[in-house]
Amino acid sequence: MSNLISIFIGLALINNFVVARFLGLCPFFGVSKKLENALMMGIAVTIVMVLASIVTWFLLYGILKPYDIEYMNNTLYILVIAALVQIVEMWIKRTNVPVYNAFGIYLPLITTNCAVLGITFINATEAYDLIESVVAASGGGVGFTLVLAMMSGIRERIELADVPRCFRGMPVAFLVAMILGLLFFGFKGMV
Amino acid sequence: MSAGPGPAHEHVSDAGGKCAGCGVGARKEGSDICHTCFTDAQAREVASRGRAKGDGLVGALKKGITATNPVFILFLGLCPTLAVSTSIDNAVGMSAAVMSVLIGSNIIIASVRKWVPDIVRIPIFIVIIATFVTIIDLSMQAFVPPLSRALGIYVPLITVNCIILGRAEAYASKNSVKGSLYDAIGIGFGFLAAILLVSTIRQTLGTGMIEVFGARIAEVPGLVDYPMAIFILPMGAFLVISLLLATFRYLGVMKCE
Chain A
1 MSNLISIFIG LALINNFVVA RFLGLCPFFG VSKKLENALM MGIAVTIVMV LASIVTWFLL
61 YGILKPYDIE YMNNTLYILV IAALVQIVEM WIKRTNVPVY NAFGIYLPLI TTNCAVLGIT
121 FINATEAYDL IESVVAASGG GVGFTLVLAM MSGIRERIEL ADVPRCFRGM PVAFLVAMIL
181 GLLFFGFKGM V
Chain B
1 MSAGPGPAHE HVSDAGGKCA GCGVGARKEG SDICHTCFTD AQAREVASRG RAKGDGLVGA
61 LKKGITATNP VFILFLGLCP TLAVSTSIDN AVGMSAAVMS VLIGSNIIIA SVRKWVPDIV
121 RIPIFIVIIA TFVTIIDLSM QAFVPPLSRA LGIYVPLITV NCIILGRAEA YASKNSVKGS
181 LYDAIGIGFG FLAAILLVST IRQTLGTGMI EVFGARIAEV PGLVDYPMAI FILPMGAFLV
241 ISLLLATFRY LGVMKCE
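Listed in order, the protein sequences are those of chains A and B. Numbering-wise (this note's numbering), the first sequence opens with residue 1 and increments by one. Numbering-wise (this note's numbering), the second sequence opens with residue 1 and increments by one.
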């Protein structure tokens with residue numbers, strides 16, 4: 001149990017996906033202008049990350065390892081993620097139209113989100129078992145959502161601030177990301 | 001065939017809500033031409049800009065490093081730029097890997113572009129890219145194991161690097177093999193220039209010395225004994241990119257917002 005907690009906190013806070021591992025930076029800078037959108041994107045990424053971890057775990061230990069074709073992992077994982085995103089999109093479209101209207105535009109973007117492909121490789125290199133993989137994926141997703149939500153809150157305030165001309169837009173967003181990185185660096189040594 | 005303006009566009013004055021370009025389409029908001037004419041004009045302008053600078057390799061290189069620099073102008077491929085720019089060795093290794101994948105995938109995608117149905121083009125592009133990434137990943141593991149270990153998961157993650165899919169979608173799927181090759185080389189060198197700049201600053205300030213592949217080139221007196229370690233840490237990458245962008249804007253290389 002303590003092992004699972006340390007994996008969760010490790011991926012959510014200490015080695016945060018965005019500010020420490022630089023995974024999923026595109027949505028971090030792209031979708032973080034409004035709090036609501038940031039939360040939606042975070043939840044969608046978390047769901048896909050957990051599902052992708054489960055499916056790729058079964059593929060890795062059920063097909064790739066027994067047949068000794070682990071070099072195919074990259075191609076297989078990206079196809080699995082693309083298919084999974086498509087299935088989740090269709091399923092939400094069928095069952096819940098308001099949710100689809102809220103999530104719809106973010107789902108296709110997730111296919112090429114490095115956070116999702118990243119968690120499958122992290123699971124494989126750390127040799128996590130199925131439960132550990134799921135915990136790691138949800139930890140990573142929670143950390144991603146947390147940072148995205150914090151960033152969007154800060155950016156809403158920056159819109160009102162008098163930022164020097166040359167720093168407006170992306171440079172100040174990078175500076176905020178740096179301060180968030182410093183903040184999360186404070187969690188080092190927790191586990 | 002001459003590169004004329006496509007269908008015969010005649011100017012229709014006082015066309016009311018109709019487009020001034022073709023007289024058929026509805027006007028675009030805040031403009032006097034319709035959406036189709038607008039995108040046509042944009043495409044022509046972009047094409048002529050490319051021609052003015054020269055279509056050859058030199059033109060592609062110039063464009064890749066300055067006007068369409070993937071990192072500083074397009075904000076593509078930020079993950080590897082930030083993650084592996086801790087040392088010059090890693091930066092060079094990463095850009096070599098990215099460039100190889102980019103050249104390979106651009107050539108293949110440009111050669112099969114006529115047989116790829118529009119609806120399934122993205123999955124096909126991704127599989128082609130993933131294949132090249134696997135080739136590069138295995139080659140690096142075999143020939144340069146220390147570099148492969150240092151780059152870690154960022155090598156397989158080249159698959160989802162926006163630079164490569166972006167160029168496949170924006171250039172290679174519409175242009176000739178030769179042009180796509182030049183485009184790949186230009187963008188590849190643009191990426192190399194950007195990541196080299198970031199990594200040189202980070203390594204110099206973070207360790208106090210410039211060391212390339214085990215050979216120490218220069219030392220900064222004072223910094224060697226007390227390096228500013230924050231530049232080697234993840235947040236140093238954000239800081240360096242932010243200050244570089246602001247500097248480029250201040251110097252007028254890029255426009256302020």
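Among the hints, a few may not be true.
[Claimed, not checked] Here are the in silico distance ranges between beta carbons for each label pair:
1. B:S176 x A:G169: 30 to 40 angstroms
2. A:Y67 x B:V112: 26 to 36 angstroms
3. A:G186 x B:G56: 20 to 30 angstroms
FYI, nobody ran anything at the bench for these hints, they're computed from the structure. Positions of the beta carbon are idealized from the N, C-alpha and C atoms, including for glycine.
Going through the hints against the structure:
At about 36 angstroms, the beta-carbon gap between S176 of chain B and G169 of chain A stays in the expected band of 30 to 40 angstroms. Between Y67 of chain A and V112 of chain B the Cβ separation comes to about 29 angstroms, which falls inside the hinted range of 26 to 36 angstroms. Taking 20 to 30 angstroms as the suggested C-beta distance range, the pair G186 of chain A and G56 of chain B does not conform, at roughly 52 angstroms.
Of the numbered hints stated above, the single one contradicted by the structure is hint 3.
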